[in-house]
Amino acid sequence: MALTSADLIRRSASSVPAPTNKLTGVAKLIDTSKCIGCKACQSACLEWNDLREEVGVNVGAYQNPHDLTANSWTLMRFSEWENPQSGNLEWLIRKDGCMHCADPGCLKACPAPGAIVQYSNGIVDFNHDACIGCGYCIKGCPFNIPRISRVDNKAYKCTLCSDRVSAGQGPACAKACPTQAIVFGTKDDMKKHADKRIADLKSRGFDKAGLYDPQGVGGTHVMYVLHHADQPQLYAGLASNPKISAIVEWWKGLGKYAGLAAMGLAVASGFIHHLVVGANRASRQDEDNARKLTEDRN
Amino acid sequence: MSQIAKTPDGVVEVHRYRTAERLNHWVVAVSFVLLVLSGLAIYHPAFFFLGGLFGGGQNVRAIHPWFGVVLCVSFLGMFFRFWKANLINRNDLVWMSSPAAVLSDHEETLPEIGKYNGGQKGIFWSMTILLIALLCTGLIIWDQYFAAYTTIDAKRVAVLGHSFAGIAIICVWIIHVYAAIWVRGTMQAMTKGTVTGGWAWKHHRRWLRDLAGGKPSA
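Sequences listed follow chains Y and L, in order.
If you read the first sequence in my numbering, its first letter stands for residue 1, the second for the next number, and so on.
If you read the second sequence in my numbering, its first letter stands for residue 1, the second for the next number, and so on.
Incorrect hints may appear among the rest.
As the list claims (entries may be wrong) - The list that follows gives simulated cross-link-like pairs (lysine to aspartate or glutamate, DMTMM-like), each with its CA atoms no further than 20 angstroms apart: (1) Y:K243 - L:E13; (2) Y:K192 - Y:D207; (3) Y:K292 - L:D210; (4) L:K192 - Y:E47; (5) Y:K292 - L:D153; (6) L:K6 - Y:D103; (7) Y:K191 - Y:D286; (8) Y:K292 - L:E13; (9) L:K115 - Y:E287.
Said to hold, decoys possible - So, partial list: chain L residues that the calculated Cβ filter (under 7 angstroms) puts toward chain Y: (10) Y178; (11) A180; (12) V183.
By construction, these hints were calculated from the structure, which means they are not laboratory data.
Please read these numbers as outputs of a predicted model, since none were measured by experiment.
Quick reminder that beta carbons are idealized off the backbone N, C-alpha and C, glycines included.
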């Protein structure tokens with residue numbers, strides 16, 4: 001069954017009625033310990049979404065393209081880290097992309113009604129017909145994910161393959177992953193699956209292994225299993241406690257209403273002042289005085 | 001050329017603004033109104049419909065900064081025309097600290113005022129400062145051309161500052177327009193370019209005396 005407006009729980013710059021039937025929350029689980037960095041997920045993403053990336057430039061790093069773009073909605077980020085405890089060089093690979101926050105900063109910041117929506121299964125999706133290309137989603141996002149296309153001036157990011165999910169399929173990246181480092185299912189199932197993986201990692205000496213499901217954004221519908229869950233920043237700067245910026249909360253919270261109130265008050269004061277005091281006119285006497293003053297001169 | 005003339009029926013007319021000054025003012029005014037309409041459209045969802053005036057949200061996003069460029073350039077012209085006449089002096093401080101007398105239409109109890117009173121000077125300098133703030137923050141969030149030059153953190157601060165400065169300048173503008181409506185005879189200074197002798201006597205007597213005494217106006 002396709003996702004429809006009846007499945008919305010949030011809609012940017014507007015409100016939606018609470019859905020009568022809530023869908024089960026879904027999640028993508030990315031196990032960094034199983035990832036081999038093959039980039040099949042990147043290719044599958046381009047393929048399914050019919051996107052093409054520009055031919056890039058090799059700067060001597062394995063990461064390609066160098067950053068997320070309006071066409072590359074997912075990106076393997078490669079970090080080299082020397083573990084001080086074991087002395088091992090660890091190649092940490094993290095598949096970056098939209099985290100599908102339960103409390104999405106992009107949606108909060110978006111000024112265009114309906115350009116960003118959140119479905120009751122947890123997917124946060126961009127509706128490009130309504131997008132105005134202002135880039136506010138970029139300022140709202142705590143993970144630096146959305147990118148504005150230079151071609152059509154609209155914002156793009158991972159959709160969690162909402163079209164595939166609504167047809168009962170998993171996302172293209174999960175389908176393509178050869179090691180099942182990317183798996184997809186209900187959020188509850190993915191957490192259980194993660195628990196098993198974490199227990200396994202701990203038995204192999206990764207005693208800080210854990211699940212990345214940051215509560216600062218209400219949890220996410222894309223989660224990571226990290227071998228070093230106590231240091232998420234090792235994985236190409238993954239935020240250790242991501243939250244919607246307080247500045248964005250101010251701007252879109254109190255600031256918006258205080259501004260309306262200030263402007264309304266200014267207009268109302270004008271009306272009331274005029275009602276009370278009446279027009280300020282120069283009197284006949286003022287005109288006479290002016291005539292006298294100017295005549296004295298001549 | 002004398003700035004004071006008399007109509008055949010004996011009414012004193014005082015020349016206040018030259019054609020170029022008025023034209024300059026109205027370019028500023030029109031671009032300001034367009035900025036307010038397009039800016040409010042993306043400020044609050046309640047005003048999003050205003051974007052329809054410009055052909056939709058994408059157009060608003062694209063054109064709002066360009067209105068800003070027109071405003072800044074034209075305001076620069078106004079600034080250099082009028083900044084000297086807006087330097088604040090001791091009488092302005094008396095004027096500014098007597099809101100009761102001003103608002104109750106009892107200016108006669110206050111010192112004689114030159115070309116601009118404390119309120120007008122306040123408008124001039126707050127517009128100037130707020131426009132500088134709006135220009136700087138606006139450039140930081142003009143993502144179409146300048147996205148690459150600043151960090152997201154800087155853009156967050158800029159977008160908050162831009163909306164607060166925008167609200168503030170709209171409030172200043174409401175006061176400016178209201179004052180022009182409340183004080184009858186003011187509007188014609190920016191339409192015809194002249195005011196009546198009575199208006200000048202009542203509100204800017206020092207200025208009228210200087211003109212009558214043959215001093216050039218600032």
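Going through the hints against the structure:
Straight-line distance between C-alpha atoms of K243 of chain Y and E13 of chain L comes to about 64 angstroms, which puts the hinted pair past the 20 angstroms bound. For the hint linking K192 of chain Y to D207 of chain Y, the alpha-carbon distance of about 18 angstroms falls within 20 angstroms, and the restraint holds. Note on K292 of chain Y and D210 of chain L: the hinted pairing holds, with a Cα-Cα distance of about 14 angstroms set against a maximum of 20 angstroms. The suggested pairing of K192 of chain L with E47 of chain Y is violated, with an alpha-carbon distance near 66 angstroms, which exceeds 20 angstroms.
Between K292 of chain Y and D153 of chain L, the direct Cα distance comes to roughly 64 angstroms. Violation of the 20 angstroms bound is thereby established for this hinted pair. Distance restraint check for K6 of chain L and D103 of chain Y: the Cα-Cα separation of roughly 70 angstroms exceeds the 20 angstroms cut-off, and the hinted pair is therefore not satisfied. With a CA separation close to 83 angstroms, the supplied pair K191 of chain Y and D286 of chain Y exceeds the 20 angstroms bound. Proximity of K292 of chain Y to E13 of chain L is assessed by CA-CA distance (about 13 angstroms); at most 20 angstroms being required, the pair is judged to hold.
The suggested pairing of K115 of chain L with E287 of chain Y holds, with an alpha-carbon distance near 18 angstroms, which does not exceed 20 angstroms. At a threshold of 7 angstroms, the smallest CB-CB gap from Y178 of chain L to chain Y is about 4 angstroms, leaving the interface hint in force. Taking 7 angstroms as the C-beta contact cut-off toward chain Y, the hint placing A180 of chain L at the interface is violated, the least distance being around 11 angstroms. Residue-level restraint check for V183 of chain L holds (minimum Cβ-Cβ distance to chain Y is 5 angstroms; threshold 7 angstroms).
Figure legend: structure checked against the earlier numbered hints; hints not met, in rising order: 1, 4, 5, 6, 7 and 11.
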